[in-house]
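Top to bottom, those sequences are chains A and B.
By our numbering, the letter at position 58 of the first sequence is numbered 51, and the numbering carries on one by one without gaps.
By our numbering, the letter at position 125 of the second sequence is numbered 131, and the numbering carries on one by one without gaps.
Think of the hints as simulated: they come from the structure by calculation, not from any bench.
Hints are all accurate, no fakes.
Per the computed footprint, the stretches of chain A lying under chain B, defined by three or more beta-carbons under 8 Å from a beta-carbon of chain B, are:
#1 28 to 35
#2 135 to 143
#3 151 to 159
#4 162 to 169
#5 216 to 226
Below, simulated DSS-like cross-link-like pairs (lysine-lysine); rule was C-alpha separation at most 30 Å, straight line:
#6 A/Lys223 to B/Lys112
#7 A/Lys277 to A/Lys253
#8 B/Lys108 to A/Lys233
Beta carbons are placed, not taken as given, at the ideal position from N, Cα and C, and that holds for glycine.
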Amino acid sequence: MALHNILTSSGDWMRGDGPHHQIVVSSRVRLARNLRNFAFPGWAKKNERLQILETIKPQVELLPEMSDAFSVYSQDLSALEKQVLVERHLISREHAAKGMGSAVVMNRRQTLSIMINEEDHLRMQAIRSGLQLKSVFKMIDKVDSLLEERLDFAFSPQLGYLTACPTNVGTGMRASAMVHLPALVMSEQINQVIQAVNKIGLAVRGLYGEGTEALGNLFQVSNQTTLGEKEEDIIARLHKVIEQIIEHEQNARQLLLQKKPNTLLDHIGRGYGILQHAYSMNSKEALNLLSFMKLGIDLGFFPEPCRQPVDELFMETQPAHLQKGTAQKLAADERDSLRAEIIRAKLGAFPKPSVGTPGPDQAAGNP
Amino acid sequence: MNCDVCQTNQATVFLTQIVDGKMQKVNLCEACSKEKGVTDPTGFALADLLLGLGAAQEMERGGTVQKCPTCGFTQADFKKTGRLGCGACYQTFSDGLAALLKGMHKGTEHIGKVPARALQSIERETQMRSLQRDLRKAVAAEDYESAAQLRDQLKQFDVR
Ligand SMILES: [Zn+2]
Ligand SMILES: [Zn+2]
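Let's have the full structure, built from the sequences with the hints guiding it.
What follows is the structure, given as structure tokens:
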């Protein structure tokens, strides 16, 4: 199966039909594993890395889920192709920097991807749309059990799965959900939420952007620790916290609708207007305005069929996705024009937001 | 304020994270934050970084062994990368790692999934040890008939 075929179809997880998909974009679980008696990839010499790769890759390709897989050595992927896979969350940025001695195998539906010789010999991940951490964990756990029948993993009864970095030792598991929280950001409650979640050993951070900035109001919530807790317990804890975050976001939306309808509609209306009429747009602006469109659809200001095009634009306006159709590398300003063009084409036929007649915003402190 | 990683450039990215009540602070320059993948939340990198900066020092304090006999990895290498060389390194540097792991995780012992293969070998070892114990007892009691049977059973373990 060629990469081209994979990339022309969007992955299953991007289709946005899982439970709570309005707020939870996707759920993902990643496991780190290493072979016994081999050095970790970062310390292994080239020959050893190649030997590890040729031990693991055929076994991964034999998995039933991988019967129609895309399997490729890192050196056979172009920089642009790698970047597209990074934007789709199918490989890590670290893996994109690898050459000879590494590989990636992913299924056709793009729900399962296995990196070989990333920081660990194996980094396997399953990803699905919406909040379904439990079923995503089951999926990757099954893959792990099948592989361990044929591969001898580095495991210590006391410390669990041994990983290159001590922060991953134990279960070697990182579970996460990507969440869209525009109302918590607009009502300035997001820092409170992040702090509360941090306190219980989970991490929240912006999906795009640097430092505390979260472009597109997209955040990732994940477990921070991997030793001393069972996989199922970590997943259950994370699931519960995300359910609470969903509730907070929904409450914040209701409160905005009641107390600050004009502020809310102003954001959505401007997003709609600019996206439909701009001729140059950088990726930061696009993500932020698309976030308001997504919120507008969630709140019923746009009809439901608008949802999929908007969800697709989050991915299609990323730099590598923009350029995958073009023959040569584009300069930043050319990318911005192309981005605006793609957005105009997709949103051109969208109806105006149907908002009824909102009352004025209530003054602060006047409930 | 200087960057915690390179110690030379001016820090522009400031991160704070609380793990089980323990506050972790890191200040980074633009270049190091990019290089360490702080901008890439899809990686494990941020957590590693936050936990990893003090890690090398902590390990040095606790451990006396300098070099892994299996892979040749040294404490100095850990200081550089925050990563270990091989699975055996966990055994080699266990003294230094103990405090480190305690600080970064919920517990110090794995209670999650065990690969079937490891389960089998753990069971096998327990069985073998118990047979060896019985054998020693039988020999001490001069019960040569039982001893012979136990020896046969142990031999079968070696073949399997
Ligand atoms: Zn620096
Ligand atoms: Zn070692």
